[in-house]
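Protein chains in written order, with the working numbering: chain A, 1 to 321; chain B, 1 to 141.
Because the hints were derived from the structure by calculation, they are not lab data.
Heads up, a few of these hints could be off.
[To be verified] Pairs of lysine to any residue, SDA-like flavour, derived with a Cα cap of 20 Å: (1) A/K84 / A/E58; (2) A/K51 / B/I61; (3) B/K71 / A/P195; (4) A/K201 / B/K4; (5) A/K51 / B/K71; (6) B/K79 / A/K51; (7) B/K79 / A/L15; (8) A/K62 / B/R101; (9) A/K161 / B/S68; (10) A/K314 / B/Q14; (11) B/K96 / A/L15; (12) A/K22 / B/Q14; (13) B/K43 / A/S13; (14) A/K161 / B/K71; (15) B/K96 / A/E59; (16) A/K62 / B/S7; (17) A/K314 / B/M1; (18) B/K96 / A/K84; (19) A/K51 / B/K4; (20) A/K314 / B/P53; (21) A/K22 / B/K96; (22) B/K79 / A/E58; (23) A/K314 / B/N2; (24) B/K71 / A/K201; (25) A/K22 / B/M1; (26) B/K4 / A/R309; (27) B/K79 / A/D160; (28) A/K314 / B/E123.
[Unchecked claim] Okay, the calculated bits of chain B under chain A, using three or more residues with CB under 8 Å as the criterion: (29) 61 to 71; (30) 116 to 127; (31) 131 to 138.
[Stated by the list, open to error] A few chain B residues that don't get close to chain A, going by computed Cβ distances all over 12 Å: (32) V9; (33) T41; (34) L44; (35) G48; (36) T75; (37) N77; (38) T84; (39) S87.
Here a beta-carbon is modelled for each residue, glycine too, at the ideal position from N, C-alpha and C.
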Amino acid sequence: MKVIINSDIIYHSQLVIDNMSKPLQTLFRACSERGHRIIIPLTTLYEFNRKQSELVPEEISKLESAYNLLDKFNIHHSRTEPSKVVKQPDLIGLINQYEVKTIVEEPTFEDFKEAHKRACLHQSPHPPSIKSDEMRDLVIWVMALRLASRDGGALLVSRDKVHTHERGDNEANHVGLVRLRSIEEVLDLFDVETPSGRLIKQLLETIWVDLLDAGLPLTPMFSLMSVSGARFIQGVHGPSLASFTFKAKTPDGKMVQALTRIDTVDGIITKATLSEITVEGKAWQEKPLPLVISTNRAFSLEPDDFQERLGALKALLEEQS
Amino acid sequence: MNLKMGSQVFVNVQIPLLWGTRAVVQDEEGWLSVIDLAGDTAKLEILGDKPAPGVAFVPTIDGHTILSNDKQLYTYNPKEKTLTSISLGLPECQVKPWEIRVGSSVFSGNTIVGFGVGIAVQESGITMGGPLPPRLAKLIV
Numbered sequence: 001m002k003v004i005i006n007s008d009i010i011y012h013s014q015l016v017i018d019n020m021s022k023p024l025q026t027l028f029r030a031c032s033e034r035g036h037r038i039i040i041p042l043t044t045l046y047e048f049n050r051k052q053s054e055l056v057p058e059e060i061s062k063l064e065s066a067y068n069l070l071d072k073f074n075i076h077h078s079r080t081e082p083s084k085v086v087k088q089p090d091l092i093g094l095i096n097q098y099e100v101k102t103i104v105e106e107p108t109f110e111d112f113k114e115a116h117k118r119a120c121l122h123q124s125p126h127p128p129s130i131k132s133d134e135m136r137d138l139v140i141w142v143m144a145l146r147l148a149s150r151d152g153g154a155l156l157v158s159r160d161k162v163h164t165h166e167r168g169d170n171e172a173n174h175v176g177l178v179r180l181r182s183i184e185e186v187l188d189l190f191d192v193e194t195p196s197g198r199l200i201k202q203l204l205e206t207i208w209v210d211l212l213d214a215g216l217p218l219t220p221m222f223s224l225m226s227v228s229g230a231r232f233i234q235g236v237h238g239p240s241l242a243s244f245t246f247k248a249k250t251p252d253g254k255m256v257q258a259l260t261r262i263d264t265v266d267g268i269i270t271k272a273t274l275s276e277i278t279v280e281g282k283a284w285q286e287k288p289l290p291l292v293i294s295t296n297r298a299f300s301l302e303p304d305d306f307q308e309r310l311g312a313l314k315a316l317l318e319e320q321s
Numbered sequence: 001m002n003l004k005m006g007s008q009v010f011v012n013v014q015i016p017l018l019w020g021t022r023a024v025v026q027d028e029e030g031w032l033s034v035i036d037l038a039g040d041t042a043k044l045e046i047l048g049d050k051p052a053p054g055v056a057f058v059p060t061i062d063g064h065t066i067l068s069n070d071k072q073l074y075t076y077n078p079k080e081k082t083l084t085s086i087s088l089g090l091p092e093c094q095v096k097p098w099e100i101r102v103g104s105s106v107f108s109g110n111t112i113v114g115f116g117v118g119i120a121v122q123e124s125g126i127t128m129g130g131p132l133p134p135r136l137a138k139l140i141v
């Protein structure tokens, strides 16, 4: 699959020296391992280079200041010319470190013409509530549609309103363009374990026996295929609520999927509520839904430092009042 | 409030760092807390580097994304002490021991005395030393 990356995903507010951010590194590794290609629209490359080039003189100046400070106090040091050390990063070179195939995609004349038309006519997917007609976003949108149409699907990673607005749903679905807003969502799609996935796994494993007792068609041994759409509400001691969709295998190898909500109180799982249960895509009808399972199982939490953290903040604020 | 944060000294300042409508404070342990003052009462969102009780969030590879009605608001990276807006339209804000960085602006070694807000970060720009904006909740936890 081709993974098209918008500039808001690849944006770095600080000069990139050796490595990009940790989430991007994880994404590139995941793409490399699965044989997916990274597509950097030329627009994304230009925007990345523009921001990074603005940061180069700032870093040179900081390094000069550091040398001057050392000189001021007669601290012996070696000196390398700042302009030789501080360089504008090569985005493609940085991505290639992860041995993932990367293509810089230039917009075609047809892309420009189509984007221009949509901008002028306020056509989809531009949200009606936004005043600015952002050509850069429209060019990437048209390019993503073209690539998805040509290759039988593609993935666009972007938080941009133009790219994520529901006005683009039909067009995207028609050509198989999947749109995701964050790297974590991409990793979920690729079945790469994310911090969310790890936490969900821990919760589900704890109540697996209760799910089996409730009659869910799951393998006796805990085994999870994937987790998506995870959201949490924080409690005093770890999350008090988790909602997500999980996929697992039935004992005869079919795929079961369920929208799930898990309630916890002080590190004890008290309830699991499962709805929209399907087996091989068909509604599971053996029990009325939602299936509510009461339980009382403790799950292990990271070290509980809530009181310490609250105490530190209260001390700060009370000291001031 | 009198405190030292990101090498700035805030003396008699009500809110040292205001990121949009969110007060950002750093306690003696070095942990950051973020308190949204937009409503009638203050709402604690980040408590000492972690999501506060009652807050909707998603853990990420390098921190937590804070949500409101399923909308991603911002991400907090506790290792880098960085707040990155997703839908708030604000520049990134980082508190390092030697500086506070807002977007590409860096504040280092300043003393700010007797203001409602020490450093106010808005979509339109940054103000150093200004009055407390109207209609903000009181900074209490």
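Here's how the hints hold up against the structure:
Taken as a hint, the A/K84 and A/E58 pair is honoured in the structure, with Cα atoms around 14 Å apart against an allowance of 20 Å. Of the supplied pair hints, the one linking A/K51 and B/I61 is violated, its CA atoms being roughly 24 Å apart against a limit of 20 Å. A distance of roughly 19 Å separates the Cα atoms of B/K71 and A/P195; the hinted pair therefore holds under the 20 Å criterion. For a cut-off of 20 Å, the pair hint linking A/K201 to B/K4 is broken: about 41 Å separates their Cα positions.
Restraint check for A/K51 and B/K71: not satisfied, since their Cα atoms lie roughly 27 Å apart, outside the 20 Å limit. Taking the CA atoms of B/K79 and A/K51, the gap is near 23 Å; set against the 20 Å cutoff, the hint is violated. For a cut-off of 20 Å, the pair hint linking B/K79 to A/L15 stands: about 18 Å separates their Cα positions. Straight-line distance between C-alpha atoms of A/K62 and B/R101 comes to about 14 Å, which keeps the hinted pair within the 20 Å bound.
Proximity of A/K161 to B/S68 is assessed by CA-CA distance (about 17 Å); at most 20 Å being required, the pair is judged to hold. This hinted pair checks out: A/K314 and B/Q14 have alpha carbons roughly 15 Å apart, not beyond 20 Å. At roughly 16 Å between alpha-carbon atoms, B/K96 and A/L15 fall within 20 Å of each other, so this suggested pair holds. At roughly 35 Å between alpha-carbon atoms, A/K22 and B/Q14 are farther apart than 20 Å, so this suggested pair is violated.
For the given pair, B/K43 sits about 28 Å from A/S13 by alpha-carbon distance, which is inconsistent with the 20 Å threshold. Restraint check for A/K161 and B/K71: the C-alpha separation of about 13 Å stays at or below 20 Å, so the hint holds. Proposed proximity of B/K96 and A/E59 is supported: the alpha carbons are some 16 Å apart, at most 20 Å. Simply put, A/K62 and B/S7 have alpha-carbon atoms about 16 Å apart, close enough for the 20 Å limit, and the pair holds.
Restraint check: the Cα-Cα separation between A/K314 and B/M1 comes to about 13 Å, which is no more than 20 Å; the hinted pair holds. With a C-alpha separation of about 26 Å, the suggested pair B/K96 and A/K84 falls outside the 20 Å cut-off, and the hint is violated. Taking the CA atoms of A/K51 and B/K4, the gap is near 31 Å; set against the 20 Å cutoff, the hint is violated. Of the supplied pair hints, the one linking A/K314 and B/P53 holds, its CA atoms being roughly 15 Å apart against a limit of 20 Å.
For the hint pairing A/K22 with B/K96, the CA-to-CA distance comes to about 19 Å; that is within 20 Å, so the pair holds. A C-alpha spacing of about 23 Å is found between B/K79 and A/E58, which places the hinted pair above 20 Å, so the restraint is violated. Proximity of A/K314 to B/N2 is assessed by CA-CA distance (about 14 Å); at most 20 Å being required, the pair is judged to hold. Taking the CA atoms of B/K71 and A/K201, the gap is about 24 Å. The hint is violated against a cut of 20 Å.
With a C-alpha separation of about 36 Å, the suggested pairing of A/K22 with B/M1 is violated against the 20 Å cut-off. At roughly 18 Å between alpha-carbon atoms, B/K4 and A/R309 fall within 20 Å of each other, so this suggested pair holds. The suggested pairing of B/K79 with A/D160 is violated, with an alpha-carbon distance near 26 Å, which exceeds 20 Å. Using a Cα cut-off of 20 Å, the hinted pair A/K314 and B/E123 is violated, with the two alpha carbons roughly 29 Å apart.
For the region 61 to 71 of chain B, the stated coverage by chain A is satisfied: 5 residues place a CB nearer than 8 Å to a CB of that chain, which reaches the threshold of 3. Counting residues of the region 116 to 127 of chain B whose CB lies closer than 8 Å to any CB of chain A gives 0, which falls below the minimum of 3, so the coverage claim is violated. A stretch counts as covered by a chain when three or more of its residues have a beta carbon under 8 Å from one of that chain; for the region 131 to 138 of chain B and chain A the count is 0, and the coverage is violated. No beta-carbon of chain A comes within 12 Å of the beta-carbon of B/V9; the shortest separation is about 14 Å.
Its beta-carbon lying about 14 Å from the closest one in chain A, B/T41 satisfies the requirement of being farther than 12 Å from that chain. For B/L44, the shortest C-beta to C-beta distance to chain A comes to about 8 Å, within the 12 Å cut-off, and the non-interface label is violated. In this structure B/G48 is not separated from chain A by more than 12 Å, as the shortest Cβ-Cβ distance comes to only about 3 Å. Not every C-beta of chain A lies more than 12 Å from that of B/T75, the closest at about 9 Å, which undercuts listing it as non-interface.
A beta-carbon of chain A comes within 12 Å of the beta-carbon of B/N77; the shortest separation is about 9 Å. Look at B/T84: its CB is around 8 Å from the nearest CB on chain A, not clear of 12 Å, so calling it non-interface is violated. Against chain A, the non-interface label of B/S87 is violated: not every CB pair exceeds 12 Å, the least being about 8 Å.
Consistency with the previously given hints fails for numbers 2, 4, 5, 6, 12, 13, 18, 19, 22, 24, 25, 27, 28, 30, 31, 34, 35, 36, 37, 38, 39, ordered from lowest to highest.
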